[in-house]
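Asker: Same order as they appear, the protein sequences are chains W and F. Taking the numbering used here, I'd label the letters of the first sequence as residues 1 to 653. Taking the numbering used here, I'd label the letters of the second sequence as residues 654 to 958.
Think of the hints as simulated: they come from the structure by calculation, not from any bench. Honestly, I wouldn't trust all of these hints.
As the list claims (entries may be wrong) - Straight-line Cα separation of at most 30 Å, BS3-like style, residue types lysine-lysine; simulated pairs: (1) Lys101(W) - Lys23(W); (2) Lys106(W) - Lys23(W); (3) Lys701(F) - Lys540(W); (4) Lys936(F) - Lys582(W).
Claimed, not checked - So the derived list for chain F, only partly shown, Cβ under 7 Å to chain W, looks like this: (5) Ala700; (6) Thr714; (7) Ala726; (8) Val751.
Glycine residues also receive a C-beta, built at the ideal position from the N, C-alpha and C atoms.
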Amino acid sequence: MLLVLLSLLVLLASSALAFVLRKDPARAQDAGAYGAVAASLTGLLPAGRVLLTGMPETLTLPWAVPLGSLSFTLDPLAAFFLAPLFILTGLAAVYGVDYLKAYEGKKPLGLAWAAFNILTASMVVVFTAANAVLFMLGWELMAAAAFLLVLFEHEREQSRRAAYLYLAAGGAGALLLLAAFGLLGRSAASLDFALFSVPAGGGASAVFLLCLAGFGLKAGFIPLHVWVPEADPAAPGYVAAVMSGVMMKTGIYGLIRVLGFLSPWQEWWGWAMLLAGAASCVLGGLFALAQHDLRRVLAYSSIENIGIILMALGLGTVAAVNGATAMSALAFAGALLHVLNHALFKGLLFMGAGAVLRGAGTSELDALGGLGKRMPRTLPLFLLASAAACALPPLNGFTGEFLIYLAAFGGAAAPAALAGIVTALALAVAGALAAAAFTRAAGTAFLGEPRTGRAAGAQEAGPLMIFSMRALALLCLLAGLAGPLLLLPVGTAVAAAFGLAPALAAMEGAAAPLVYVSAAGLLLISLAALVFAGRALALKGKQPAAAGTWDCGYAAPTARMQYGAASFSQPLTDFFQPILRKIGQYPVITEYFPGKASFSTEAQAVFYNSFYMPAAARLRDLAYRFSWIQHGRLQIYILYIVVTLLLLLLWKL
Amino acid sequence: MEIVKPLVQLLAALLLAPLLPGVINRVKAFFAGRRGQPLLQLYYDLAKLLRKTPVYSRTTTWVFKAGPAIGLAALAAALLVMPFAGRPSALSFDGDFVYLIYLLGLARFCAVLAALDTGSAFEGMGASREMQFAVFSEPGFFLGLAALAAVTGQRSLGGMFGVLTGDSWRVAAPVLALLTASFFIALLAENSRVPADDPNTHLELTMIHEAMILDHSGPDLAYILYGAALKLWLFGSLIASMVLPSHSGAWARDAAMFLLVMLGVAAAVGVTESVMARLRLTKVPYMLITAFAFSALALIFQMGR
């Protein structure tokens with residue numbers, strides 16, 4: 001635990017140093033990046049130790065805040081979330097040095113590094129806090145730091161809007177969480193997690209709903225996701241990797257923690273999580289398919305994966321309430337394993353998208369193309385991450401989902417079996433949609449011919465960026481092949497969160513299939529090697545000829561005739577138009593010799609436009625009616641305060 | 654001996670798979686009143702293609718060359734999971750059918766990326782349609798296997814087809830019939846047969862699978878064609894295992910029976926292609942949704958049983 005504290009201090013110190021050195025961008029970069037990497041290495045040690053031994057470590061320091069205590073607990077559940085946090089932030093920092101070089105002298109890099117390390121530090125606090133006040137402190141600090149980073153390119157209107165939306169969502173979520181913690185700790189002397197008691201009657205359900213909404217606003221599942229597709233793409237590449245890979249998971253972490261406080265559970269809690277997760281993973285996949293910007297595709301894919309995790313938690317809850325321990329254990333283990341796997345491949349994907357943005361100056365899919373030739377080192381890494389995101393074996397995206405499938409076919413009695421079928425079906429649909437979305441994104445951006453001059457002149461990413469991406473790609477492959485080895489940390493984390501019995505059941509149920517999956521993965525790799533060897537043998541001594549792509553005899557094909565992102569997904573997006581509601585203008589041909597025509601489609605933010613915007617407008621109208629309270633005169637505000645204080649005093653008397 | 658059997662089964666599948674398209678073509682030729690190509694035509698084609706020197710488009714990268722190879726490896730790995738004559742396959746474990754579906758997904762992922770690598774409008778079109786149909790067919794296929802798992806109470810393909818006997822058909826005929834129908838539609842769609850796609854079409858604009866591989870040549874094309882034959886074998890053996898649930902216990906007899914039924918499945922595909930016209934592209938999703946509905950109905954019947 002002391003090492004975690006040390007890494008926290010390193011983060012804060014390097015953050016301060018980066019801020020102090022902000023006049024000298026190169027040294028500020030060094031201060032921030034070295035600090036982040038050192039903190040990661042320091043922090044990974046205790047996290048790994050706790051995961052392997054399963055023994056929680058605690059630390060309490062004196063602190064004079066009402067209801068608060070400066071007490072940290074590093075139990076296996078916290079460690080399980082800390083591990084991807086440290087892996088990803090360390091690698092993101094290395095990546096960031098190259099990424100930010102282009103901004104030297106144009107942007108306050110010292111501030112960016114200070115905010116980045118504060119973001120990491122606040123997440124460490126969130127994962128290890130053993131007191132609600134401390135937890136909320138970390139939570140709000142995290143929101144503030146991420147807000148600053150989303151604002152990095154504040155001259156763009158889109159970024160400002162995204163940051164504001166993020167702030168609003170974070171603020172609303174924090175209010176809900178405060179209420180939930182108040183309910184949980186209302187009869188205790190302090191808000192230490194250990195002293196929380198389950199409120200009687202409907203209180204437990206109220207806490208659950210408050211937490212589902214409050215943590216959901218951070219986790220970003222549908223319909224609480226509106227900030228995700230705005231803020232994730234607005235942040236710089238390496239920050240987006242951390243936000244999508246780890247920060248959104250703080251919501252999942254909080255939800256798991258609170259579920260631990262709230263036993264016994266109600267069955268409908270499980271169903272609520274399951275249905276929200278199922279909707280989130282299916283709709284997230286569908287919306288990802290309709291986006292025109294690479295980074296927005298990735299953001300919606302994050303929503304999809306958060307949905308998968310939430311759905312697994314719901315399935316586990318339903319199964320546990322119905323006494324199907326083995327099934328619930330597998331579902332919880334699958335959820336946790338997917339938390340780790342998603343952090344790895346989504347981090348890699350966002351870094352790849354950042355490399356595209358840095359290299360070509362845009363991440364608009366239909367302006368790209370042919371990047372594979374110009375960025376030959378990024379291409380295999382992005383394709384590998386895409387395959388992992390589609391849960392294709394032998395990569396790591398598969399193992400977590402596989403455990404969830406195993407749970408879904410757990411063969412339990414009626415309610416749990418129904419939950420299993422819904423889960424499996426949503427996973428299958430989401431998988432098919434993800435495959436379409438990622439072949440579309442990777443294919444349009446990296447393959448074929450460049451569609452614009454910017455894509456044609458794209459530059460390969462810097463060596464540090466490539467290093468970080470390669471490290472993550474290696475981890476994706478290893479985590480996919482080492483499923484059985486990951487079962488131990490997953491098991492200790494499940495034990496810490498849900499008790500020993502489910503952990504043992506998960507280990508027992510998942511061990512053999514995961515060993516087989518690993519073996520099958522190795523077999524697949526060796527088969528591929530065999531097939532490649534056969535190909536080399538067949539081609540021995542032959543000189544393949546080079547020619548143009550088959551153009552059906554057309555004399556003057558251009559790059560614009562390629563299938564683009566919009567055309568690739570058009571059959572599917574047209575089919576799901578009632579849900580997607582994309583806005584399009586199609587040319588209508590009225591003459592025999594039609595002149596120039598134009599065509600446009602735009603993916604709408606459906607929930608934002610058709611639900612949140614009207615609701616916000618309604619709220620604003622309501623607020624205007626009370627605008628007479630706001631005068632702008634200081635004296636009257638002081639009067640308000642005095643009156644409030646008097647009323648409180650009277651109430652207390 | 655028990656270790657050798659799964660390997661012999663695998664070898665038989667690998668060797669006999671290219672026979673199935675030959676059977677289909679002969680049946681179609683019979684219906685059309687033609688003599689048709691030789692039964693072993695695909696073997697000749699493969700041998701010839703492997704000897705040829707490929708031509709590569711200047712637009713393509715290594716993705717174009719790796720796609721067919723990885724796709725073939727994925728399909729061969731899927732064959733390792735698929736049971737043969739109701740006997741456990743070489744690789745049988747709880748949840749192996751999930752693995753099988755994702756291996757098919759890997760093969761499709763590679764094919765689509767290789768197609769997009771050419772920068773051709775036709776191949777992009779084929780890739781787009783392939784992905785569109787996959788979105789509709791995969792959930793139905795998956796639900797079908799889930800229903801089968803529920804009927805048999807098993808979580809591995811080997812287990813499912815091991816317990817599926819004539820008695821299962823006596824007690825759960827509607828469920829199994831619906832599932833067989835659903836799998837048959839999945840076979841037609843996934844293997845680009847009529848009415849979802851036409852393997853013999855000659856216009857790029859109307860192709861799906863054939864459009865995706867327009868630019869492949871030489872050994873790469875051989876890999877693609879062989880992979881397609883393996884995929885047909887995979888789906889064929891799924892249906893054969895469904896409709897032939899009699900286990901004499903004698904391995905040789907079971908295997909011979911299974912191979913006969915496989916030929917029957919290929920003939921059934923040939924008949925279907927001969928008597929049906931190809932559906933309009935926009936109607937294909939509805940056919941796949943029908944397959945999904947069959948699977949869902951089977952599952953509901955099973956849960957109500």
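Asker: Going straight from one Cα to the other, do Lys936(F) and Lys582(W) come out at no more than 30 Å?
Answerer: holds, 22 Å
Asker: For the restraint on Thr714(F), tell me whether the closest CB of chain W is nearer than 7 Å.
Answerer: holds, 5 Å
Asker: Need the status of pair Lys106(W), Lys23(W): alpha-carbon distance at most 30 Å?
Answerer: It holds: about 11 Å lies between the C-alpha atoms, which stays within 30 Å.
Asker: Is it true that the CA of Lys101(W) sits at most 30 Å from the CA of Lys23(W)?
Answerer: holds, 15 Å
Asker: Are Ala700(F) and chain W close enough, Cβ to Cβ, to be under 7 Å, as the hint says?
Answerer: With a minimum Cβ separation of about 11 Å from chain W (threshold 7 Å), the hint on Ala700(F) is violated.
Asker: Within a Cα-Cα threshold of 30 Å, do Lys701(F) and Lys540(W) meet the stated pairing?
Answerer: At roughly 15 Å apart (the allowed maximum being 30 Å), Lys540(W) and Lys701(F) satisfy the hint.
Asker: Per the CB criterion, is Val751(F) less than 7 Å away from chain W?
Answerer: holds, 5 Å
Asker: Would the hint on Ala726(F) be counted as holding, given a Cβ-Cβ threshold of 7 Å to chain W?
Answerer: holds, 4 Å
The structure does not agree with numbered hint 5 stated previously, though it agrees with all others.
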